[in-house]
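Trainee: My request is simple: use the sequences and hints to build the entire structure.
Chains as they are written, first to last, in UniProt numbering: chain A, 1 to 397; chain B, 1 to 397.
Treat the hints with care, as some may be off.
As the list claims (entries may be wrong) - Keeping only pairs whose Cα atoms sit at most 27 Å apart, straight-line, the calculated DSS-like set for lysine-lysine is: (1) A/241 x A/283; (2) B/159 x B/3; (3) A/312 x A/13; (4) A/3 x B/165; (5) A/283 x A/3; (6) B/13 x B/39; (7) B/283 x B/241; (8) A/312 x A/275; (9) A/325 x A/312; (10) A/13 x A/39; (11) A/275 x B/241; (12) A/325 x A/159; (13) A/39 x B/275; (14) A/275 x B/3; (15) B/39 x A/3.
As the list claims (entries may be wrong) - FRET-style restraints, in silico, Cβ to Cβ: (16) A/121 x B/41: 35 to 45 Å; (17) B/265 x A/214: 51 to 61 Å; (18) A/74 x B/45: 39 to 49 Å; (19) B/123 x A/1: 45 to 55 Å; (20) B/19 x A/141: 47 to 57 Å; (21) A/141 x B/321: 52 to 62 Å; (22) B/265 x A/187: 30 to 40 Å; (23) A/214 x B/123: 34 to 44 Å; (24) B/119 x A/41: 20 to 30 Å.
FYI, nobody ran anything at the bench for these hints, they're computed from the structure.
Yeah, the Cβ is synthetic: ideal placement off N, Cα and C, and Gly gets one too.
Protein chains: 2
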Amino acid sequence: MRKVGIVGVGHTKFGRANGSFLEMFSSAAVEALDEAGIKTGPGHGVDQVLVATMGAGMLNRQSGVASALVDTLNLRPAMAETVENGPASGASAVKLAFMAIASGMCDVALVVGGEMMRVVTGWEATDFVATMLHPEAEYRYGLTLPAFAGMFTRLYMDKYGVTAKDLAMVAVKNHEHAMHNPVAHIQLVPDLYAITEDEDAGVINPYVAEPLRLYDVCPVSDGAAALVLCALDVADRFAKKPVRIAGIGQATDTHVIAEREVPTDLLAVRRAAEKAYRMAGLKPEDIDVAELHDAFSILEIAISEEVGFFPKGEGHLAVRRGDTKVGGRIPINTSGGLKAKGHPVGATGISQIVELVRQLRGEAGGRQVASAKNGLAVNFGGFGNNVVATILSREEE
Amino acid sequence: MRKVGIVGVGHTKFGRANGSFLEMFSSAAVEALDEAGIKTGPGHGVDQVLVATMGAGMLNRQSGVASALVDTLNLRPAMAETVENGPASGASAVKLAFMAIASGMCDVALVVGGEMMRVVTGWEATDFVATMLHPEAEYRYGLTLPAFAGMFTRLYMDKYGVTAKDLAMVAVKNHEHAMHNPVAHIQLVPDLYAITEDEDAGVINPYVAEPLRLYDVCPVSDGAAALVLCALDVADRFAKKPVRIAGIGQATDTHVIAEREVPTDLLAVRRAAEKAYRMAGLKPEDIDVAELHDAFSILEIAISEEVGFFPKGEGHLAVRRGDTKVGGRIPINTSGGLKAKGHPVGATGISQIVELVRQLRGEAGGRQVASAKNGLAVNFGGFGNNVVATILSREEE
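Mentor: Quick look at the structure:
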C-alpha cells in the first residue's frame, strides 16, 4: 500500500468563531495549505477535499459545504465530499483521505473539519448532539450524551473505585496543558480543592449529570482544523517534512448502548486501537504521546485502558501518579483535550491529529513531549459506537 | 490499482416510504446483501459501510446513520461513515468505497443511499434542496434549484433552439421507461399533446419556474438504494458475477453559478466524464446505456451533450429523433430517470448504478437495452458544482 503523510496543519482558535461558517473552514484550510507551500488556483495539485462536519445541516442549514469550500479556496476542479460520523467525523475524513491516496486515485488531499455550534445553547446543543443516539431506542426517550456518560461513570466508580477527585484531576491536568496551547478554547486552571472538596464546590462545579460535574464535561465550541495529506512518494513537492500516518483502525459497537454485554467496556476503542497498532507494527508501549477523546473526564480514563496504556480499571491510578501529564510516562491530551481545548464536533478528530503532528515535529512549545516519535489519537463517535484510532510516526532522517 | 466490481444491488420502491428512516435503508441493504449471498452476523466479511444522505440531519434529525445501520444489519465491527455531496451524495459514496477497496484497506463494502424527503412538502422541500446553493451569494437571497433550472433552460432555448415540446419529449420518454421499472415512483405516461399544445396544457402542466413546467421537474420521493462492492480478486466469494467499475471521474465547478464564464456550459460534467472515460479506456461511442441526472428535463439534454453523446446544442435533436429511447442509438434513463423513477436525493447516484448493473446483467426486463456492455452514470451535485461520472463494464466470460 502506498505510504501517506501529513505536510501541513491548520487550526482556528477554538471558542466563538468570528465570521461565517465557510470563513471558519477556509481559515483553517489556508493555514494548512500555506504550511505545505501549496498555492491555490491553476496547478494547485490538490486532488481531493474532504470536509468533516456533523451539524452543517442541522445547525447552520448548509449542505454541499465541501463544494463551497473548494470554490472559496480556488481549488477547482478538485473532488470534494462531506463526511459525517458524529464526533468521530474528523478522523473518519482523515481515514477516507488516506484511502484515496493509498488507492493511487489521488496524490494530495485537503481535510478540513469544523463546527459552528454556538449558534445554539443549553438544551438545544445537548439535543443536537443527542441526534447521534439510536433514533428509536434512545433519542426519542430523551436520552442524552451527558446522561449516558453519567451512568457510565457511576458504573466505573462502583466497579473500579474511581473517585470524583480522580475525574477532577483529569480536568485540571488538561486545563494545565491548554495553558500552553494558544488555540485552546479555555485558558484557566481550576483549583482541585475548590472544585471537589471546598464547601462551595457544588456551586462553582455543579452537577451536570450526576456524578459528572461541570468540570467533567467539555464545553460547546466553534472551531475548525485542517490537514494536508500526500503520498510520501510526492512529499518532496512540499515545504514541510511529512509526518507519516502509520496506522488507522476503526470499529463499530452496538448502537443501542443498553445492548452491550459489559457496559463498562468500550469494545470499539479496543478493536480500533488493536487494528491501528497492527497496521503500524507498534505496541502501546511504543506510543509517546496521545490525544484521547475526553468529551467527559471518565472517557480519558477508560480509553487510556482500552488502548493498552494501563490495565483495565487502573487508568485512574495512572492519573493519580501523574503518568498522563506532560513529563509523565505517557502524556495524554497535551493539547488540552476536548475538555479545555474545546470540542467543535467535526473538528475534533482533525484537531487531535494536528496536535500529534506538532508534537512529532517538536513544535509544541511549552507542552512539548521530549523526543516524541509515535503518537496515537482516538476519536470517539456516538457513545463509543464508532471509533477511529490513528497512529502517526515521525519519519526518520 | 486493485480492480473493483459490484456483486449485489438493492432498491426500495421509490415514492412514499413505509416504516422508519432506518428501516428504509435496511430494506435496500438487505436486498443487496442477499443478492451477493452475504450472511450478516459473525464472519460477514463486510469491511466498510458508507451511507449517502443529504437530509438525515435537516429532515429526519438523525446523525450517525451509518453506525446505526451497521448495528441494525448486524455488520459490526465494520467501519462506517455517512457521505454528503448534495444530490451527488450517492455516487460520491460509491467513489469513496471504490477507493477504500482499491487501496487494499478493505475487500468488501456496502454502500447505501437514501432520503426520506416527504416529511416536508412544497416550499419546505424546495428550501431543503436550496441549502446546497452558496450560503452567502445565493441561498440567502431566496434562490432555489428550480429557479436556476428555469434560467438555464431559457438561455438554452435562446441559444440552441430547444423548444418546450423538446423538454416534454424527454419527460414522456422517461415516463414510458418507468412503466417497465417496478420501483419507479410514478407510473403513468403523460400525453405529449395534452401537456404541451392542448388548451388545458397550462392547467395539467402548470409552470413551476417558467419556462419549466410540472412535467419538466422531478418529484419529491422517499427511497433508498444499495450496492455491494468488492475487490475482483475476492469476487468468487459471492453469489453474483461482478459488474466492473471501470472508471470514475469527478470535478467541481464554481459554487456561485453567476461566476461561470459560459452559463450554458456544464464544465464539471464535461471534466468528470473525460476523467471517467480516460480511466476506463473508453470513448463516448463505447457507451451502450446511460443514466443522466434529469432533475430537470433540460439537464438530460445538456448532460447528454457534455458527456460527448451529441455535439453541444444538439441534444434536443437526438430526443426528436428518438435516439435516447430504449431501442434508440444511446438509450438514456431507462430506469425512468429522476423524472419518473423519483429523486430521493441521497439514493439517486446509487439508484443510477443499480439500473446500469441490471442492464449489464441483462436483468432489465421490458426496458432492457440489447447486449449492453458499458454503462455511464452522471450524478449531478448542486447546480453542476460537483459532478461524479461512473462507468460500469460487463466482465467478459
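Trainee: Compare the structure with each hint and give your call.
Mentor: Hints, one by one, checked against the model:
1. A/241 x A/283: holds, 25 Å
2. B/159 x B/3: violated, 43 Å
3. A/312 x A/13: violated, 35 Å
4. A/3 x B/165: violated, 55 Å
5. A/283 x A/3: It holds: about 20 Å lies between the C-alpha atoms, which stays within 27 Å.
6. B/13 x B/39: holds, 23 Å
7. B/283 x B/241: This hinted pair holds, its Cα atoms lying about 25 Å apart.
8. A/312 x A/275: holds, 19 Å
9. A/325 x A/312: holds, 19 Å
10. A/13 x A/39: Holds, at about 23 Å.
11. A/275 x B/241: violated, 31 Å
12. A/325 x A/159: holds, 25 Å
13. A/39 x B/275: Measuring from Cα to Cα gives roughly 23 Å; hence the hint holds.
14. A/275 x B/3: holds, 24 Å
15. B/39 x A/3: Not satisfied, since the Cα-Cα distance of roughly 34 Å exceeds 27 Å.
16. A/121 x B/41: 35 to 45 Å: holds, 43 Å
17. B/265 x A/214: 51 to 61 Å: holds, 56 Å
18. A/74 x B/45: 39 to 49 Å: Cβ of residue 74 of chain A to Cβ of residue 45 of chain B: about 43 Å, so the range 39 to 49 Å holds.
19. B/123 x A/1: 45 to 55 Å: holds, 49 Å
20. B/19 x A/141: 47 to 57 Å: The hint (47 to 57 Å, Cβ to Cβ) is violated, given that residue 19 of chain B and residue 141 of chain A are roughly 19 Å apart.
21. A/141 x B/321: 52 to 62 Å: This hint holds: roughly 60 Å between Cβ atoms.
22. B/265 x A/187: 30 to 40 Å: violated, 51 Å
23. A/214 x B/123: 34 to 44 Å: With a Cβ separation near 42 Å, residue 214 of chain A and residue 123 of chain B satisfy 34 to 44 Å, so the hint holds.
24. B/119 x A/41: 20 to 30 Å: violated, 42 Å
Hint check: violations occur at hints 2, 3, 4, 11, 15, 20, 22 and 24; the rest are consistent with the structure.
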